[in-house]
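There are 2 protein chains.
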Amino acid sequence: MPPILVVGSVAYDTVKTPFGQATEALGGSATYFSVSAGFFTRVFLVAAVGQDFSEKDWQFLETRNIDLQGLEKVEGKTFRWVGEYGYDLNDAHTIDTQLNVLAEFRPKLSETHQNLEYIFLGNLDPRIQREVLAQVHKPRLVACDTMNYWISGHFNSLVETLRQVDILIINDAEARQLTRESNLIRAARKIHGWGPQTVVVKRGEYGALMFQQGCQGRISVFGTPAYPLEDIYDPTGAGDTFAGGFMGYLSGIGRSDWVSLRQAVVFGSVMASFNVERFSLDRLKNLTFTEIELRYKEFKEMTRIDDVVEWQPMSRL
Amino acid sequence: MPPILVVGSVAYDTVKTPFGQATEALGGSATYFSVSAGFFTRVFLVAAVGQDFSEKDWQFLETRNIDLQGLEKVEGKTFRWVGEYGYDLNDAHTIDTQLNVLAEFRPKLSETHQNLEYIFLGNLDPRIQREVLAQVHKPRLVACDTMNYWISGHFNSLVETLRQVDILIINDAEARQLTRESNLIRAARKIHGWGPQTVVVKRGEYGALMFQQGCQGRISVFGTPAYPLEDIYDPTGAGDTFAGGFMGYLSGIGRSDWVSLRQAVVFGSVMASFNVERFSLDRLKNLTFTEIELRYKEFKEMTRIDDVVEWQPMSRL
Numbered sequence: 050m051p052p053i054l055v056v057g058s059v060a061y062d063t064v065k066t067p068f069g070q071a072t073e074a075l076g077g078s079a080t081y082f083s084v085s086a087g088f089f090t091r092v093f094l095v096a097a098v099g100q101d102f103s104e105k106d107w108q109f110l111e112t113r114n115i116d117l118q119g120l121e122k123v124e125g126k127t128f129r130w131v132g133e134y135g136y137d138l139n140d141a142h143t144i145d146t147q148l149n150v151l152a153e154f155r156p157k158l159s160e161t162h163q164n165l166e167y168i169f170l171g172n173l174d175p176r177i178q179r180e181v182l183a184q185v186h187k188p189r190l191v192a193c194d195t196m197n198y199w200i201s202g203h204f205n206s207l208v209e210t211l212r213q214v215d216i217l218i219i220n221d222a223e224a225r226q227l228t229r230e231s232n233l234i235r236a237a238r239k240i241h242g243w244g245p246q247t248v249v250v251k252r253g254e255y256g257a258l259m260f261q262q263g264c265q266g267r268i269s270v271f272g273t274p275a276y277p278l279e280d281i282y283d284p285t286g287a288g289d290t291f292a293g294g295f296m297g298y299l300s301g302i303g304r305s306d307w308v309s310l311r312q313a314v315v316f317g318s319v320m321a322s323f324n325v326e327r328f329s330l331d332r333l334k335n336l337t338f339t340e341i342e343l344r345y346k347e348f349k350e351m352t353r354i355d356d357v358v359e360w361q362p363m364s365r366l
Numbered sequence: 050m051p052p053i054l055v056v057g058s059v060a061y062d063t064v065k066t067p068f069g070q071a072t073e074a075l076g077g078s079a080t081y082f083s084v085s086a087g088f089f090t091r092v093f094l095v096a097a098v099g100q101d102f103s104e105k106d107w108q109f110l111e112t113r114n115i116d117l118q119g120l121e122k123v124e125g126k127t128f129r130w131v132g133e134y135g136y137d138l139n140d141a142h143t144i145d146t147q148l149n150v151l152a153e154f155r156p157k158l159s160e161t162h163q164n165l166e167y168i169f170l171g172n173l174d175p176r177i178q179r180e181v182l183a184q185v186h187k188p189r190l191v192a193c194d195t196m197n198y199w200i201s202g203h204f205n206s207l208v209e210t211l212r213q214v215d216i217l218i219i220n221d222a223e224a225r226q227l228t229r230e231s232n233l234i235r236a237a238r239k240i241h242g243w244g245p246q247t248v249v250v251k252r253g254e255y256g257a258l259m260f261q262q263g264c265q266g267r268i269s270v271f272g273t274p275a276y277p278l279e280d281i282y283d284p285t286g287a288g289d290t291f292a293g294g295f296m297g298y299l300s301g302i303g304r305s306d307w308v309s310l311r312q313a314v315v316f317g318s319v320m321a322s323f324n325v326e327r328f329s330l331d332r333l334k335n336l337t338f339t340e341i342e343l344r345y346k347e348f349k350e351m352t353r354i355d356d357v358v359e360w361q362p363m364s365r366l
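If you read the protein sequences in the order shown, they are chains A and B.
Adding 49 to a residue's 1-based position in the first sequence gives its number in my numbering.
Adding 49 to a residue's 1-based position in the second sequence gives its number in my numbering.
No lab work stands behind these hints, which were simulated from the structure alone.
A portion of the hints provided could be inaccurate.
Copies of the same chain look alike in the list, so a pair counts if it fits in one copy or across any two.
Claimed, not checked - List time: in silico DSS-like cross-link candidates among lysine-lysine, alpha-carbon distance up to 30 angstroms:
hint: 1; residue 1: K157; residue 2: K349
hint: 2; residue 1: K346; residue 2: K239
hint: 3; residue 1: K157; residue 2: K122
hint: 4; residue 1: K187; residue 2: K126
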């Protein structure tokens, strides 16, 4: 069961939704990713926190199959994010961002980290993403995330990072912004041209699509709707939780063929669907693997298409 | 192979998209529905056209397994719709609507029509939808469509119609407007309470969801993404073409159990995906059943989720 390396942010989030509020709750893209991936394999987390990072949170992460030798505790305060969601719960409105220790973060990998083969580059400056990759000896599967800030302000640097990436995991708005293509197949084709053979497009309540480059311009597509939930409390971290389930599963089984990639999209969707059921990491904290397996089966049942056997169409057409 | 009765509009459409234009092209909700359903079963079309309705269009419909004894040619002009789509192709902007003969349309069913069992009530005044149903002797499966105009202006009448309907086929915006619920499960639950045990929600480029009322407040869900297309020329009639494939298939096999309903959603999605590839009815005109079957298989392949067999999760969680 090969472990996975993740580099990204650990934060304290203050989030308000129409259904409640969480204040200074443990968050950050790498945190959601790690806790989610920890259900599937051992996770090596590389990130920086400040002196204010609580012992309780440190210990919690250690109980989730997460190795913290790469979690640097440095001078200053932990990254803070304050956000709010309206009733549609689709777009987060950022009210305040305090980079704090993240501003100076330059990941240094230990010998152990450098020998890891499954790598997830969280949403960071693309230049830093490349610095991380340069330290890894034999990367076997590299996935990355990004966001509108890097797409608009550091486009060329981002494309340079993508050259070394196997799987890009982004949302549909980011895919369109990055490629300037509104059509997602065309967007995927463009991204394939830059490097990643696989593009996973997260579409929030509409589910996810995955595109894989084939021979002679052909593209394979896998799609799944999102798990329908009657109550969604807090979408914070849904995308990172998806990525954690997706990459955690691939790393855990040590494979990335098309069948495994499809299963990974479902595990990503399963993990994200649990995460939004409660505030912060609350749902992931109480989640069991039996629940994950059950919801995986529900996805299978929800999307199953049966063969048509008993019937012939109108003969004339 | 039980036939189906459809009541709705036949029109001449003038449509502009960023990719071209169609002028006074054969259209209308009942037309798209009938041509689509005609691939699966015999269709009895009940609608009104004006003296300007062309002989060529009449003959075309007759070649598509469509019985036209219920297509009344009356004094006046055929219904006209003029619309335009922007680059996102999601919302039609209506530029002009001329009801013409549709303004006075009161469907009168023949003896043959009255004995049909599969009924599709196209997007008409809910009072007229009920008048049609009142003439049918033994309806076995009744589906209906509606639109924002009837939801906002004739809400009570629409709910009265829904009492007699088995399947409501609408888009997500209409489902939310009708029920004043942003969450689609809650929306479906409310619609179930009014009558329809099955609710099919069309989501355009995001595919379709189907909800079915079960015992003790339980709801079964089926979902499929839309077929990914690189080029979409004209979305006009996509929803009606979906409904035609959906109901045409159910009528054709004479069943409406859960497995058949799921297959029907896929056939609806297949037909809609073909329709948007060309302007007006152009793609449906040249479509073959072999192509329909192939795309059905592609849907199955695109959404298939394999069992996870070779692997055990982290034991500690």
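Verification of the hints:
no.: 1; hint: K157 x K349; in the structure: neither (41 angstroms within a copy, 46 angstroms between copies)
no.: 2; hint: K346 x K239; in the structure: between (34 angstroms within a copy, 27 angstroms between copies)
no.: 3; hint: K157 x K122; in the structure: within (13 angstroms within a copy, 79 angstroms between copies)
no.: 4; hint: K187 x K126; in the structure: neither (34 angstroms within a copy, 73 angstroms between copies)
Checked against the numbered hints above, the structure breaks hints 1, 4 and satisfies the rest.
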